[in-house]
Amino acid sequence: MKRKVYLLLLLRRWHGRFGVTAAIFLLFLACTGVALNHTQQFRLDAYRIHAPWLARWYGLKVEPPTQEFAEKRALLIGANGAWLLNDKVIAENVAAPLGMVESQGMRYIATADSLYIYTIDGQLVEKVSGSSLPALPVLGIGAAGSQLMLRTPSGIYATSDAVGWKADSPRSVSWSRGVLIPQSEQARIAARLAPAISAETLLRDVHSGRIFGAYGAIIMDIVALILVVLGVSGVVVFFRSHRHHSESRHAGINADAGR
Amino acid sequence: MPKLSDWVLISFLTLSAHAVALEQIYQDPEVFISDAFGTRPQPKVLWLTSPAQAEIARILGHPPTQLRQRYWADGIKSVWILEEIGKEEPITAGFVIANGRIDHARVLVYRESRGSEVRYPSFLRQFKDATLTSDAQLSRAIDGISGATLSVSALERLARVALYLDRLSRRQ
Chain A
426 MKRKVYLLLL
436 LRRWHGRFGV
446 TAAIFLLFLA
456 CTGVALNHTQ
466 QFRLDAYRIH
476 APWLARWYGL
486 KVEPPTQEFA
496 EKRALLIGAN
506 GAWLLNDKVI
516 AENVAAPLGM
526 VESQGMRYIA
536 TADSLYIYTI
546 DGQLVEKVSG
556 SSLPALPVLG
566 IGAAGSQLML
576 RTPSGIYATS
586 DAVGWKADSP
596 RSVSWSRGVL
606 IPQSEQARIA
616 ARLAPAISAE
626 TLLRDVHSGR
636 IFGAYGAIIM
646 DIVALILVVL
656 GVSGVVVFFR
666 SHRHHSESRH
676 AGINADAGR
Chain B
57 MPKLSDWVLI
67 SFLTLSAHAV
77 ALEQIYQDPE
87 VFISDAFGTR
97 PQPKVLWLTS
107 PAQAEIARIL
117 GHPPTQLRQR
127 YWADGIKSVW
137 ILEEIGKEEP
147 ITAGFVIANG
157 RIDHARVLVY
167 RESRGSEVRY
177 PSFLRQFKDA
187 TLTSDAQLSR
197 AIDGISGATL
207 SVSALERLAR
217 VALYLDRLSR
227 RQ
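So the protein sequences, as listed, match chains A and B. So that you can map any letter, position 216 of the first sequence is 641 in my numbering, and since no number is skipped, the others follow by simple counting. So that you can map any letter, position 59 of the second sequence is 115 in my numbering, and since no number is skipped, the others follow by simple counting.
No lab work stands behind these hints: they were computed from the structure. Glycine included, every Cβ here is placed at the ideal spot set by N, Cα and C. Watch out, some of these pointers could steer you wrong.
[Said to hold, decoys possible] Derived coverage of chain B by chain A (criterion: at least 3 residues anywhere in the stretch with Cβ under 8 Å from a Cβ of chain A; other residues may be distant):
no. : segment
1   : 98 to 106
2   : 118 to 125
[As the list claims (entries may be wrong)] Some residues of chain A that are not near chain B, with every Cβ distance over 12 Å (derived):
no. : residue
3   : HIS475
4   : LYS497
5   : ASP512
6   : SER579
7   : SER671
[Stated by the list, open to error] Here are the simulated lysine-lysine pairs, DSSO-like style, with alpha carbons at most 30 Å apart:
no. : chain 1 : residue 1 : chain 2 : residue 2
8   : B       : LYS133    : B       : LYS100
9   : B       : LYS184    : A       : LYS591
10  : B       : LYS100    : A       : LYS552
11  : B       : LYS133    : A       : LYS486
12  : A       : LYS591    : B       : LYS133
Please take these sequences and the hints and turn them into a complete structure.
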């Protein structure tokens with residue numbers, strides 16, 4: 426009887442220790458889980474974190490930008506799928522820019538498969554791609570007077586509004602050309618253009634433990650095992666205590682009856 | 057003793073697999089335009105003025121991503137290729153509007169990891185003949201799909217924007 430009580434106390438003590446350990450993780454999982462259930466309300470899906478250390482942690486290589494495109498007062502640099510215009514990130518998930526032209530109060534940025542039109546203050550007017558472009562891939566962008574020019578393998582095309590295009594013969598076109606960025610500047614700019622991780626992705630990976638790679642999964646496995654132990658020990662403690670109380674009460678009743 | 061909520065959390069932990077975004081092209085937008093007209097008309101553009109931007113922002117819940125919208129029209133019907141994020145990735149949908157009513161809608165490109173059931177004709181048929189009410193709502197209720205709530209909501213918003221843009225284009 427004494428041994429049974431000792432085992433029950435031991436089990437209860439360990440149940441408590443495992444419970445406290447699990448509670449820390451459960452609290453963390455509950456908080457991150459609630460946040461993940463409301464990513465839109467908390468705008469976690471829209472908030473993107475540009476941090477070289479985080480990109481490296483995710484195994485994303487931070488490519489330093491090699492060239493920049495200058496046009497009047499604007500300076501465009503592209504790297505790691507993002508564009509920096511006058512030191513401000515204006516686009517993400519975009520291809521490397523081929524050039525930039527300012528024409529008729531608009532700023533045009535070309536990639537191999539798209540033409541992005543921005544207002545001078547940086548608002549996106551339209552992304553033109555596919556068959557809305559005269560031919561693909563785009564090889565270069567330039568200006569001839571008030572006309573925007575695109576160079577493609579099938580020729581040079583001119584437009585004034587990026588809606589209608591007409592084939593044009595080469596004349597005095599001022600083509601946008603990249604200029605090499607000094608190596609001393611590349612690292613500073615690379616930090617601004619580090620591949621972005623969305624706050625939602627980060628939270629989801631922290632929640633699941635995948636942020637720590639294989640070790641994260643092992644930690645979560647251990648937490649799951651602790652919960653299994655908690656479940657089993659809880660059931661055992663509950664039934665043993667219940668039986669112990671019943672026996673004590675039964676013994677008490679018998680003792681009272683014997684008086 | 058662990059409570060039910062503990063097990064719910066463990067289940068959630070196990071099931072929260074990393075979402076992998078896959079781009080599924082159900083119909084090339086160019087083909088959608090050609091199918092609507094039999095041939096491909098010249099594109100037109102609609103500039104979104106400040107009041108139009110405000111109205112679209114009210115419909116979408118966020119400002120429009122661009123200031124100019126391209127569309128195709130032949131005097132009777134207009135075609136709008138629009139994009140909206142369901143949960144994480146943009147859904148590209150095409151809408152054919154005739155006389156202020158949705159003639160048909162189609163999911164052209166789907167990039168989300170879940171909820172692609174919105175591409176099924178049985179769901180999209182609900183949009184047929186829908187018009188825009190005075191408070192910029194659809195004239196008919198759209199039944200949702202379990203597990204595709206955000207995609208359904210995105211398509212509903214896009215349908216309203218398409219009808220609104222069609223109305224604007226007719227005023228031009």
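These are the hints, each one checked on the structure:
1. Counting residues of the segment 98 to 106 of chain B whose beta carbon lies closer than 8 Å to any beta carbon of chain A gives 4, which meets the minimum of three for the stated coverage.
2. Counting residues of the segment 118 to 125 of chain B whose beta-carbon sits less than 8 Å from any beta-carbon of chain A gives 5, enough to reach three: the coverage restraint holds.
3. The claim that HIS475 (chain A) lies off the interface holds: its Cβ sits roughly 18 Å from the closest Cβ of chain B, which is beyond the 12 Å cut-off.
4. Every beta carbon of chain B lies more than 12 Å from that of LYS497 (chain A), the smallest distance being close to 21 Å; the non-interface claim holds.
5. Remark: the non-interface label on ASP512 (chain A) is consistent with the geometry, its nearest Cβ contact in chain B lying 22 Å away (cut-off 12 Å).
6. Even its closest Cβ contact with chain B, about 18 Å, leaves SER579 (chain A) beyond 12 Å, as expected for a residue assigned away from the interface.
7. No beta-carbon of chain B comes within 12 Å of the beta-carbon of SER671 (chain A); the shortest separation is about 18 Å.
8. Simply put, LYS133 (chain B) and LYS100 (chain B) have alpha-carbon atoms about 13 Å apart, close enough for the 30 Å limit, and the pair holds.
9. Between LYS184 (chain B) and LYS591 (chain A), the direct Cα distance comes to roughly 38 Å. Violation of the 30 Å bound is thereby established for this hinted pair.
10. Among the hinted pairs, LYS100 (chain B) with LYS552 (chain A) is consistent with the structure: their alpha-carbon atoms are about 14 Å apart, no more than 30 Å.
11. Annotation: proposed proximity of LYS133 (chain B) to LYS486 (chain A) is violated, straight-line Cα distance about 48 Å (limit 30 Å).
12. With a C-alpha separation of about 27 Å, the suggested pairing of LYS591 (chain A) with LYS133 (chain B) holds against the 30 Å cut-off.
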